[in-house]
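These protein sequence lines are chains A and B, in that order.
One point on numbering: in our numbering, the residue at position 59 of the first sequence is 59, and numbering is uninterrupted.
One point on numbering: in our numbering, the residue at position 196 of the second sequence is 196, and numbering is uninterrupted.
No lab work stands behind these hints: they were computed from the structure.
A few of these clues could be false.
As the list claims (entries may be wrong) - With the C-beta cut set under 7 Å, the calculated list includes, among others, these residues of chain A facing chain B:
1. ALA34
2. ILE35
3. GLU179
If you're wondering where the values come from, they're calculated on a predicted model, not measured in any experiment.
Note that CB positions come from ideal geometry on N, CA and C, so glycine has one too.
Given next are the chains, with one letter for each unit.
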Amino acid sequence: MTRRVSIQELGGAHAIILHREHATVRNLSRQLGAIGLRITTCWPVLDASALGADFVFFDADMGHDEQFPWPAGQSPMPMIALIGSEAPGRIDWALSAGAEAQLLKPIGDGGVYSALLIARAAYDARKALLGDVESLRRRLNERQTVVRAVNFLMVSGVDEDAAYDRLRRMAMDWRISFEDAAQRVVARHLEKGDLHDRYGHQG
Amino acid sequence: MSRSGTYSLISEACRAGALSAIAQINADSDLDFTLHAVERDPEGNVDRYEPMCRDILDSTSARHVVGCVTSWSRKEVIPTLERAGATLWYSVPYEGFEASDHVVYTHACPNQHLLPLLDWAIPTYGNRAYLIGSNYIWGWEMNRIARQEIAMQGGEILGERYLPIGSPDVELMIREIASTRPDFILNSMIGRSQYQFIAAYHELGKTDPHFLPDNCPIMSCNLTEAELPALGDATEGLIAVGPYFRGSKVWPGEQNFNSSHEASTYTAVRELARLLALCPNAENLSLAELLRIDGAAVGIIDAQNHHTRLPVLIGQVEGGAFAIRRQFAPIMGDPYLSRGRGELEEVPPNLRVVS
């Protein structure tokens, strides 16, 4: 139930509908207006002002990558596909464009509210995961730096565990990540001309 | 209207409001039409609403349906209304998060009932709440909003229990309430479960003064005068919020009603007649078409979400009738709680409000 507060915050959000003039647009707009969103309709392309929108509804039947001012699948907001032809090729494309939820045409009296909430939850989850992956990847890349920093710290005669603890304390004192602290330690030793660690490796 | 079944008292109140409006309209020689009521009784059985609604739309020329009490039954009939281009006039309080193109909502939704009630109840009684409800969307969603609100105001939910519609098994919730000793109880049960609970809680109050209404009252967003007769001597101190209590003159006008259920259904049918009188052959128009007629916009229905502007009254039963504890000026229904939480304008009870 931790999501319950944010789940309602749709009032005043900006939705862009990328679809040619059609009953689909009218019915979609009616539902969005009733929920409290601001609506802009665009066709055939989104311009750069779309970057500030909170949601994009896009036509999966007539759509193509060049309609969007961002690389395929990298929209800065949740995307909802408006699907008429449930053909595998079109669904494939809608997925590659970054659809987090979908509405089937013809659009009638309902469906938009759940599409908004599901798309946003999926988008937020994907963004959070990508953030986690990025930070893990960075930490993986810095593994070598950590090893070198520990080795430099061991030059003063302490064992590996103690050097590791010292590095952790430094990170805490400096209020930076463990990996950043390692980088700083390595840089400092290199500046001092301390080119060799405990094993005589070149710095 | 379920004239039989567990919530028949509410249906009867709504029906009385509809019939009184129809009688007035049919007696009005300025109008060039009369309204004819086609009646069906789904007996409070959710599976009978859609077939009966379909039958009315298929076998008669009626295009406007007045009725449904539970949100469950309303959600059952909406696809049928959509196919037929027909309109439901829904006149009881509900949990919000809906704005169908085929429904007019003439009673209150949470920004008009639950939120003002909690804003008053928490400073008045305390922030430790026990939540009960009937096991369907009304109880679930009301209690979800209440959990969120109470948590935001630093309060605590001591328990939350549901009963199937019609179930009388209130002992477990009564036992939990007796042991957790909340500051107030938010009741979103309907029909027999609610009557049973209120009676059992009244008994609990006789054995422990903590559970008297002054210390730990039961509060509801759907209790009106229509159901007091089912509660015998256990009504004293019950708290409810609604747009109308007997004797109030703020809404819908000068006329007296027996309950807000009756008043809101009366208002619905009057507004329907006003729209039908705006142009010839209006009886075959969909709600969206009716609302686009010249002159429709000055009415009570919000063009975007089909809700209405209602005053907020908090009443407490005193000597068998609701005494007004707080009264706020009319506000528009905001079913998705997306229009922000403005301060409600408090008005002294029983003064006329010009809105």
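To see whether the hints hold, each was checked on the structure:
no.	hint	verdict
1	ALA34	3 Å, holds
2	ILE35	5 Å, holds
3	GLU179	37 Å, violated
Checked against the numbered hints above, the structure breaks only hint 3 and satisfies the rest.
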